[in-house]
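> One-letter residues, chain by chain:
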Amino acid sequence: MENKKKKRSRKMLLYVLPAVLVLLAISIYPLIRSLILSLYNYNLLRPDRIRFIGLENFGNAFSDTNFWNALKRTAYFTLFGVSIELVLGMLIAMLLNRKFVGKGIVRSLMIVPMILSPVAVGLVWRILYDYDAGMVNYFLSFFGVSQLAWLGNQSTALLSLIATDIWQWTSFCFLVCLAGLENIPQEPFEAARIDGANRFQSFRYLTLPFMKPVLLVVFTLRVIDSVKMFDLVFIMTNGGPGRSTETMNFFIYQTAFKFFHIGRASSYAVIITILMSFTVSLLVKSLKKGGNDLV
Amino acid sequence: MILYNRTKIIKRAIWWVVFYTLIFVILGYFLFPVVWTILTSIKTESEAFSMPPKWIFKPTFENYVSIFTKQPFLRYIMNSVMIGALSTLLALILGTPAAYALSRMKSGKGEGISFFILSTRIAPPTLIILPFFLLYRQIGLYDRKVGLMIVYLIFNLPFVVWIMKLFFDEIPKELDEAAMVDGCSRMRAFLSIILPLTRSGLAATSILCMISSWNEFFFAVTLTGDRAKTLPVAVTSFIQFTGTRWGELCAAATVIMIPLIVFGFIVQKNLVAGMTFGAVK
Chain A
2 MENKKKKRSR KMLLYVLPAV LVLLAISIYP LIRSLILSLY NYNLLRPDRI RFIGLENFGN
62 AFSDTNFWNA LKRTAYFTLF GVSIELVLGM LIAMLLNRKF VGKGIVRSLM IVPMILSPVA
122 VGLVWRILYD YDAGMVNYFL SFFGVSQLAW LGNQSTALLS LIATDIWQWT SFCFLVCLAG
182 LENIPQEPFE AARIDGANRF QSFRYLTLPF MKPVLLVVFT LRVIDSVKMF DLVFIMTNGG
242 PGRSTETMNF FIYQTAFKFF HIGRASSYAV IITILMSFTV SLLVKSLKKG GNDLV
Chain B
137 MILYNRTKII KRAIWWVVFY TLIFVILGYF LFPVVWTILT SIKTESEAFS MPPKWIFKPT
197 FENYVSIFTK QPFLRYIMNS VMIGALSTLL ALILGTPAAY ALSRMKSGKG EGISFFILST
257 RIAPPTLIIL PFFLLYRQIG LYDRKVGLMI VYLIFNLPFV VWIMKLFFDE IPKELDEAAM
317 VDGCSRMRAF LSIILPLTRS GLAATSILCM ISSWNEFFFA VTLTGDRAKT LPVAVTSFIQ
377 FTGTRWGELC AAATVIMIPL IVFGFIVQKN LVAGMTFGAV K
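Same order as they appear, the protein sequences are chains A and B. With the first sequence counted from 1, adding 1 to any position gets you the working numbering. With the second sequence counted from 1, adding 136 to any position gets you the working numbering.
For reference, chain B alone in the conformation it holds in the complex (with noise of 0.2 Å):
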């Protein structure tokens, strides 16, 4: 019996051991390439290059200060952070009554609104984009900023109206008629008591429409010249620039990714039913 004990033991063990081994090496797999770009944003460039590779050097800034210097990095980022925001304020103010309403109406009229999201995200970008591109030439809207915020409504509007309403529907109905009784109109109710009750919902889904505006590549790309650059873009045109100025390049990349770092932690839980659309939880 004692033995039989021990070898479950000695099993155990072994098990937890290969287990974490695993852990250990799928982390790895996953965060290696992150964590090595940022420690190659703080080398000098022959220290990037160097083979065998470097893993003890000295922390320096230089391409960080010379992204900033030799280009107009700031105003990229600028430009990336007002098109996300007044995006997504605007797809919010359109989307939430829309959200609230559709929450509130019979069931069986959502379907069509997430066939509809569906098939904004099945086109081929090149479909919706070349009657803008012909249009904003054409209206003096290429390369400005607002340009490329209406065209990401695209995305943030059906994803504010499908995902707010997932919201909506967790607070129940008997509130706002609660409300109404007491001789508020409908639009008090869901102003001064529905909305606030979702206060999280709308900082989460805000966030993923910042998250889905700052990585946009495909529309920035195609609509934006110099002075609405984004970012993304921004990022692009430096590798013909720089060739192989690998920390410069890797400096850029950090910039990028920071951001969706820190803001993808602070959304963890509500990623996954914002990335399927409600579909898992």
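In isolation and in its complexed conformation, chain A is listed as follows (with noise of 0.2 Å):
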């Protein structure tokens, strides 16, 4: 019976070894040969040249400013941007959160905007941002606002891709949020109610703490694909005006794709990982903590 069992699991692992073997090729050569790339002078269109430098890449990218300048740009872009989408989705969740006529609708609706390609989504926002008929523009001229060159302007360019960002992540946000919302028992708030609790102390002291694990989960995933994003400054704008709109990414694509130093990009890359690695599961310690076994 013990032998049968065994047998058994056995050949359940036959189910699960082709998934295992093609992702292991897929992801861990790429990452392998990433690793080796990285430790050499290795320019494409300088092939005669390529040869094994050591640590040198890593040491010339914490002097770079350039690569500062980016890292900054990326942390700005995703703890500016996450944040307020939290905030505003979560906030639009409370106010969803209550039965009405036309809530079906309003949350099918509301998954437009993350659906949609991030390209799409650049291309429209550039057009909107436009400044002679864009309509961001027409529309602040209702308040008064002057016209703007949003997306040519060095001191506005990096907050219009944060602001699309924004738009397009907030559907996501809310509908997580929402979804978490309507799963928290009604009990221990009706108890509040009745102990004198008021809406402010309910919130603070029940809503928040039953929505914690959730609002981590978004937190989380929002970072991870904040920090990769690439999209929206290739398309709306090519990481200018000057390099006011370089976020990590872009930068290290240009390395890459335009310098073709390939062994210095695989590095930048490299540092990227272990940051982020050291981040998320920062996150997902604290999801643990949290009792929330799913991530």
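No lab work stands behind these hints: they were computed from the structure. Model, not experiment: these values are computed from the prediction. Every residue, glycine too, gets a C-beta built ideally from N, C-alpha and C.
Under the rule of at most 27 Å between Cα atoms (straight-line distance), these lysine-lysine pairs were calculated in the DSS-like manner:
no.: 1; chain 1: A; residue 1: LYS289; chain 2: A; residue 2: LYS213
no.: 2; chain 1: A; residue 1: LYS100; chain 2: B; residue 2: LYS405
no.: 3; chain 1: B; residue 1: LYS417; chain 2: A; residue 2: LYS104
no.: 4; chain 1: A; residue 1: LYS100; chain 2: A; residue 2: LYS213
no.: 5; chain 1: A; residue 1: LYS100; chain 2: B; residue 2: LYS144
no.: 6; chain 1: A; residue 1: LYS104; chain 2: B; residue 2: LYS144
no.: 7; chain 1: A; residue 1: LYS12; chain 2: B; residue 2: LYS309
no.: 8; chain 1: A; residue 1: LYS289; chain 2: B; residue 2: LYS417
no.: 9; chain 1: B; residue 1: LYS405; chain 2: A; residue 2: LYS104
no.: 10; chain 1: A; residue 1: LYS213; chain 2: B; residue 2: LYS405
no.: 11; chain 1: A; residue 1: LYS73; chain 2: A; residue 2: LYS286
no.: 12; chain 1: A; residue 1: LYS286; chain 2: A; residue 2: LYS213
no.: 13; chain 1: B; residue 1: LYS281; chain 2: B; residue 2: LYS206
If we take Cβ atoms under 7 Å as the criterion, some of the chain A residues that face chain B in the derived model are:
no.: 14; residue: PRO19
no.: 15; residue: ILE27
no.: 16; residue: PRO31
no.: 17; residue: ILE112
no.: 18; residue: LEU117
no.: 19; residue: SER118
no.: 20; residue: ILE128
no.: 21; residue: ILE273
no.: 22; residue: MET277
Two chains, two frames, a set of hints: combine them into the complex.
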């Protein structure tokens, strides 16, 4: 009997094996190759000069102001964008977490921004931000705001990208928060009301603790994706004006595919991977502490 | 008492008016850009630029005609569809049995998988793409549909495994055991009894895979030239060609968006679970 069970579970491994082998091939192989590449002076345009240089690329990265600036922009983009998305999403979810006519339709319509390709979103907002005939300037003119070249200005370009990201991903935060809110049991709230708790108190001591795991999941997923953000920069500003919207991933892309410094680009990617693994493992740890075993 | 009731009723009425106004504003904010793009796509070039904007106009399809005739737009669409469909199919073939087995094995092994999925998402795409770029140029897979299809497995395969496991978890183990007592092999039980029960899950999972493949841009822009170019890449090179031909840009954006919106509505029930890897349902 025991033997049969063992045989059975060994057979089950056969179901998993193909998927695991393919996954290992397509993810572990590039990981190792990237690690190796990062130790080389590797320029596609000068194949005769490819040579092993140890950790030199990493040293150069840390003394390169462009690298640091890209890192700062990414941190700014991520923290600013994601926190606003989360707060806005949560607020809208709390507003809509009640019975009302049309709730189903509103919820369905709210999925539209998050389902769109970032490429399409970038295209749409590039047009909306236009100086002469863009809708952003048109609507703001009602409020007495003078015309502005949102994407052509060093001081507003990155903010405009963040605003676009917020437009797209607030809907995601909203949907997840609403799903979370609907899963909260009602009894503690009734008990609290009977005990005389006011709205703020029941939000602070009931809603927030109940929602903490959900908020952390959304936060983690949004941070991961936001750090990787590339499409919007590529389509809306191409890193400019100046270098004002050159975020990390775009910077690495340029290093690799515009200047063909493959080795250098790999070392940047390795640094970001290490930084991100560290950040995410911290977030996952706090998730587990919160009793959420799903991530 | 009556007075009290009346103020209460008025208060409620005001609250609902404020509430629906807020909803109107929120929906307006999230939907206006999309509606505006679709409207602009059926305007003539001069109407698209008119300030103040024209809200009433005679619709025209000239922008659509011109994007499909000036460029091989249809080919780019077909590339996107084929790459997405093949990658999804392959991910399902490889991933569903794995998901089934993980769901039936003793718990605890799922943890490694979820960590793995997270780690494939954490790595910046450049880390993954550079080795593929070099390899594909060597072995002739650069700018080939097959090449991109394989790379898309990086996100589609872990996704299928994880999401399908959630669907299998909902089917009681006793069902396959009963089938096997009746003389079915494990494979038969899986293929002819358990798998058909997850039909709607399979459908939702494939649609979500198709959507992420359709939206993918970074891998496509680095691994394709012209032959295997996908729709998002075609649209960006389009910006360089047309400059500010807004009507055509909007038509192109609309072509990308419409299928997404349609399929998005179809899978809306699974969207939250799918995009949070089942962490929130």
